[in-house]
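Undergrad: The residues making up each chain are set out below.
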Amino acid sequence: MRTRRVAVVGAGMTKFVRRALETADELSWQASKMALDSCGLTLDDIDCVAVGSAPDAFDGVHMKNEYLSPGSGAWMKPHIRCYVGGGTGVMTPIHGWYHVASGLFDTCLVVCEEKMSSCQPHPQGAFLTIFDHTLERPLGPNLLWIFAMEMNAYMHRYGLTKRDLAQVVVKNRANAKYHPCALLGGDITVEEVLESEAMAWPVQRLDVSPISDGAVAVVLAAEHVAHRVTDKPVWIEGVGWSLETAYWTNRDLSYPLQVEQAARMAYSMAGITEPRKQIHIAEPYDPFDYKELHHLEGLMLADKGKAPEMTALGITRRDGDLPVCPSGGLLGVGNPIAAAGLMKVAELFWQLRGEAGERQVPGNPKRGVAQAWGDLMQVGTVIVMGIA
Amino acid sequence: MVERVAIVGVGWYGFRPITPELSYKEIMYEAAVRAYNDAGINPRTDVDSFITVAEDFNEGTSIFDEYTPDQMGAVLRPNETIPGEGLHGLATAYMQIKTGLFDVVVVEAHSKASNIMHPAHIVAYAMDPIYNRPLKVHPSFVAGLEMQRYLFESGATLEQCAQVVVKNRANALLNPLAAHGADLTLNDVLDSEPVAEPLTRLMIAPPADGCIVFVLAAEHVARSLSGTPVWIEGLGWANGSYSLENRDWVDLDYVRLAAEMAYRTAGIRNPRGTLDFVEVDDSYAYKELQHLEALGLCRPGEAGALTEEGATSLDGELPVNPSGGSLGCGHLLDASGLARALECVLQLRGEAGPRQLEDVTFGAALGWRGVPTTAAAMVILSNED
Numbered sequence: 148m149r150t151r152r153v154a155v156v157g158a159g160m161t162k163f164v165r166r167a168l169e170t171a172d173e174l175s176w177q178a179s180k181m182a183l184d185s186c187g188l189t190l191d192d193i194d195c196v197a198v199g200s201a202p203d204a205f206d207g208v209h210m211k212n213e214y215l216s217p218g219s220g221a222w223m224k225p226h227i228r229c230y231v232g233g234g235t236g237v238m239t240p241i242h243g244w245y246h247v248a249s250g251l252f253d254t255c256l257v258v259c260e261e262k263m264s265s266c267q268p269h270p271q272g273a274f275l276t277i278f279d280h281t282l283e284r285p286l287g288p289n290l291l292w293i294f295a296m297e298m299n300a301y302m303h304r305y306g307l308t309k310r311d312l313a314q315v316v317v318k319n320r321a322n323a324k325y326h327p328c329a330l331l332g333g334d335i336t337v338e339e340v341l342e343s344e345a346m347a348w349p350v351q352r353l354d355v356s357p358i359s360d361g362a363v364a365v366v367l368a369a370e371h372v373a374h375r376v377t378d379k380p381v382w383i384e385g386v387g388w389s390l391e392t393a394y395w396t397n398r399d400l401s402y403p404l405q406v407e408q409a410a411r412m413a414y415s416m417a418g419i420t421e422p423r424k425q426i427h428i429a430e431p432y433d434p435f436d437y438k439e440l441h442h443l444e445g446l447m448l449a450d451k452g453k454a455p456e457m458t459a460l461g462i463t464r465r466d467g468d469l470p471v472c473p474s475g476g477l478l479g480v481g482n483p484i485a486a487a488g489l490m491k492v493a494e495l496f497w498q499l500r501g502e503a504g505e506r507q508v509p510g511n512p513k514r515g516v517a518q519a520w521g522d523l524m525q526v527g528t529v530i531v532m533g534i535a
Numbered sequence: 079m080v081e082r083v084a085i086v087g088v089g090w091y092g093f094r095p096i097t098p099e100l101s102y103k104e105i106m107y108e109a110a111v112r113a114y115n116d117a118g119i120n121p122r123t124d125v126d127s128f129i130t131v132a133e134d135f136n137e138g139t140s141i142f143d144e145y146t147p148d149q150m151g152a153v154l155r156p157n158e159t160i161p162g163e164g165l166h167g168l169a170t171a172y173m174q175i176k177t178g179l180f181d182v183v184v185v186e187a188h189s190k191a192s193n194i195m196h197p198a199h200i201v202a203y204a205m206d207p208i209y210n211r212p213l214k215v216h217p218s219f220v221a222g223l224e225m226q227r228y229l230f231e232s233g234a235t236l237e238q239c240a241q242v243v244v245k246n247r248a249n250a251l252l253n254p255l256a257a258h259g260a261d262l263t264l265n266d267v268l269d270s271e272p273v274a275e276p277l278t279r280l281m282i283a284p285p286a287d288g289c290i291v292f293v294l295a296a297e298h299v300a301r302s303l304s305g306t307p308v309w310i311e312g313l314g315w316a317n318g319s320y321s322l323e324n325r326d327w328v329d330l331d332y333v334r335l336a337a338e339m340a341y342r343t344a345g346i347r348n349p350r351g352t353l354d355f356v357e358v359d360d361s362y363a364y365k366e367l368q369h370l371e372a373l374g375l376c377r378p379g380e381a382g383a384l385t386e387e388g389a390t391s392l393d394g395e396l397p398v399n400p401s402g403g404s405l406g407c408g409h410l411l412d413a414s415g416l417a418r419a420l421e422c423v424l425q426l427r428g429e430a431g432p433r434q435l436e437d438v439t440f441g442a443a444l445g446w447r448g449v450p451t452t453a454a455a456m457v458i459l460s461n462e463d
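Chains D and E supply the protein sequences, listed in that same order.
Residue numbering for the first sequence follows our numbering, beginning at 148 and increasing consecutively.
Residue numbering for the second sequence follows our numbering, beginning at 79 and increasing consecutively.
Chain E with its partners taken away, still in its complex shape (with noise of 0.2 Å):
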């Protein structure tokens, strides 16, 4: 058990509002390529276990897991699906590395999100068959619900959540990989239209294509590889209540409870202390804000006078979402935790270009299912040897 488990290699594709002149096995394709080549692994003799991350129905076909192994070099061997968060795929070679009989696993998460004409009915089939679904509930009222008791019991302001926007969508016109780049005002994002009160449509991460792929490699594998490891020093994830009508609008106790476990795993103590950016879930603006305070990286209804301040911008002393998150970069359906990850993955590694923080070197990545989920995984990663 005493093995570290490192991060030896990542590939992308992406991301791009849509990608008409490729398939969902292309962009695999492509990413995979490039993880492997960034390991200097070959897929078919060095790598032990395949793990995509899926769901059926944004794939548009059932028993997705049927349609990966031949893109991702992986024929014959063991390969399974993660219907979950992009991290959740990433615990699992976590966990298949850590009991000693695994040296090198891949994850792989993507989106074809502009595949899928109505996204919103997707979203309406995972809600309660029984006592939800019939109310006919759009996910971004559920949103705007959470988002509305939020500012009544935090304090923040609307400005703070439209700043999240301007901040995000900034930090992504740095990022080479991000599809929604943007330089925006406060009034913009205000003024953009209502979709459920007090959501307003640029207030919600736009949809993206994308694929990323991760190589995965046990302590012994990882430094006979010429590459720089990035160290998982932490994991952990947790599931709060199904029911719409049972759960707590307030708490986030599945973050907390997935962020216990991964500063226990990781023996951190003092996480705002220790942490030098994180990459957290902002799939709608106030959520980034909610997540921040759930992490215990400030205290309850802090994170929005910190975002005004610009405590969270680039040059802050807490950096978050320099990749733009999912609001610049685009939200990437399963894969947008991993791509939460990958960023932490090149900061770590010093090759984040212009957006390049100075002397990191703890960072960590929380992912979030969405709507109408409570499920929530996160990541403490480092390049401390």
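Bound-form chain D, shown alone (with noise of 0.2 Å):
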């Protein structure tokens, strides 16, 4: 049996922000209407709605999606929210995917939003509630820990050093200088990121991403829909997921081997043999800065403990033979969760079309994927995009 072919026909995002003063309904709605004006479409053209948000725990919205319903268009739709933690970004376009695929509808708005700064003092009080009630939550450990942990596994492995992993940080907010919505564009150098305040060793300030609002939207359409909209849809060739194990301590947290079986259900579906030959643009998912490298790994996109020399080697900068994070990343233009995710989506979308403006990747890229990952270092979402 052949599966339904679907495409991304339109995108758009709010700005990327430290404080939002609208609120998660009103940032949802921004997208949702920048990405239907952008194809030329209304509501009354789309079936269904998917829309992605991270922990409820943020907003202190219980059952986000209802309260997300009216801005992301689904007054009167079918509407399902999907969630997979920090992977939602990536997985709620899976969700929209499956949604036409399926044959029941045949257009699907996918909505992802986030509003951190409603949590206060810190977002990261919502993450205390992320552990084990039983095993962790006694021990009252939080994300930079954990993440410590992790990037300290991946150094050790391979012999890496800060300044291996600082590089990830300066590309990627160079490459968020061209982007309109970044909140973080702008030139720093490895020693600002090696001189900057530290969280939870090696993780120090510089080395995480931000914590944003903002709203991202794109429109999919089934292939006779897609035809009719836009003389460039963008095709959704692969998607794969998976999740490990809760006990992240019984792990060896220094390859993420969910990425990897993501990745392997993903090429399968899109017929990708030699990833490296046949991707030519790389949005892997990097809220810190060892994360780009773990995942371009994970990606099989460089051999296990070789992405930080590519990295040095130029090779993953928006002008090398892999572009990685051309966006500016999560790095560089912000990390609102579930929004950041899909972020990755959009520029897929655009930089495939050419419509990249000023960060527009050089020799017309046909195949690029997006990923995503999160839960307790523990989930991996891709999607394989391409125009061929």
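In short, the hints are calculated from the structure, not lab data.
Check the hints yourself; a few may be wrong.
To be verified - What the simulated footprint calls covered on chain E by chain D, stretch by stretch (three residues with Cβ under 8 Å from a Cβ of chain D suffice, anywhere in the stretch; the number is not a length):
| id | segment |
| --- | --- |
| 1 | 151-163 |
| 2 | 167-173 |
| 3 | 317-329 |
Claimed, not checked - Restricting the straight-line Cα-Cα distance to at most 20 Å, the calculated cross-link-like pairs of lysine to aspartate or glutamate (DMTMM-like) are:
| id | chain 1 | residue 1 | chain 2 | residue 2 |
| --- | --- | --- | --- | --- |
| 4 | E | 103 | D | 421 |
| 5 | E | 103 | D | 192 |
| 6 | D | 162 | D | 184 |
| 7 | D | 451 | D | 466 |
| 8 | D | 453 | D | 421 |
| 9 | D | 451 | D | 407 |
Virtual Cβ for every residue (Gly too), placed ideally from N, Cα, C.
Each of the two chains sits in its own frame; use the hints to bring them together as a complex.
TA: Here's what the structure looks like:
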């Protein structure tokens, strides 16, 4: 049985900012409106809505998708939210994909929103409740601690230095200079990263992406609709997702096996046998600098432990052989959790259509991969998009 | 797109008013093992995708999906969480199989309601944080308002609402899964403690703990397994207006839309003549009546009288909630809709024991996400090959 082809035909996003004055629902509306306008559709043309947002604890809103439903255009429409922690931003377009690929719907509006600033004094507070209530919560761990362990494991395994990792921040912030929605675009040096405040060693302040508010939306359409709507549909060629055990203390943290599993699923669907040759642009999840490197390896775009070397050689620069995070990534554009993942999908859409303006990757890229990751260093979500 | 989707395995744990000796992980494990055995599959090799239905605030854990894979046998496999009604999870599994790329998908939903000290406080967080929450509206008050309006518009009486409770809790006495079976009289219900005029205590479904797991399969796999497949004939779901001030308090437009989609996908033109029985949300007694009307199974204002005449009882013309519904089984939070669908599966397989209905071919389940939402999902099942 041949699976229905599904394309991204429109995208829109709000600025990623430290504190949005808009409510979460208003941010969703702005992104949805921009996405619909970008392809000349209205809500009347939309058959169903897929919403993504990470922990309800940020906004303190229970059943958050019900709250986001008016702004996401879900009034009088079928509407389901999906949720895999930090992986949500790439899972939600996958969720939209099977809405359309199933044959039940011809169009789907995919909306991801995050408003972290409502969580006072700091969103890390919300993360205190993600740990196992019996085994871990009594220890009072937070996200920075466990990521520090993972970063340490990665550095130790391959003999990497903090300097090796810090170049990712420099690259991504520089890329973000050309993103109109970016929060932290600019030129910084490796030294500045290395001298920034220590959070939980080896994590320093500039190794981490910023807390942000924002929303992103994309419009998906079945093949026959996509051709009517646009001359340049960007096809969803492969999707994959995978979830590791919750017992993260029992795992080897130096390699993201769940990302590899998800990538294998997506590559096999897309018919990709040699990812390094067949993928021209990558948007791996980069909430911390080492994560971009970790994920390049999980996506099998770099040998294990070799992603830092690729970065040092300039291969992952926007004009390199394999541009990585040309958007500026989470480190440069910002990290409103679910919205940040969908931002990467929107970036592939713009890049593959040649509409990325000043940050356009040279050489007419034909195929890209976007990936997100989250939970207790546990989930991998991967989407392959192309214009072939 | 021609391949049908079947429910090939079901498993459950509970339902019980409290479960002090088991954690949510353990009740998930119990239900999952039962479902895998029922379907005759090995989760580690035979399942393409796992879906759990859960809301963080009900679980008391943020990013709850972290804690789903281990006890489901789903480690390093595709897993995702749907924060929605249990039937939204079923719809998700159905769509995945319909892409043609997934053959077997597992859906799980559970309730550990007994862990929640103040359920109304949790629901309060679902109210619009700017416009509604400052009013400190109690969820039962919203239901009371809606019930008042329903009685006014439909002409249904308090006695007819009480009859729903008497019927469902009596049905539950015949259901070994049910947590709240009871032999009540109309006066027991009407004279119970007032909660939010005109709602009384016994008109509200009491909570229960439990877990339900379904195994879904594409037709070619379903036929290769040994059990009796129950086919998903149609599905529908929809949202209405979120805000309390803008919604239509009379017309359940979201239920109507969900039903229209379900009937359309099932190719059913005459639901009343096709469906042999239904399991509908009855979180509050009046909801059963309201839902029957919104599903087009009777005319507006007719459901109360039908209930009074016994048309919706076990031996009636259209049995409604033969399981005992949420009033009799206990309200299972996000798993409530799957509990309704579970009864449909058991009835269509002929495994419903003393409450088994005769000659049933088509059944339907309707789930509602509860106050303050306007989100409903419906599934139509049959045992017809």
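Undergrad: For which of the previously enumerated hints does the structure constitute a violation, in increasing order of number?
TA: When the structure is compared with the hints, numbers 4, 5, 7 turn out to be violated.
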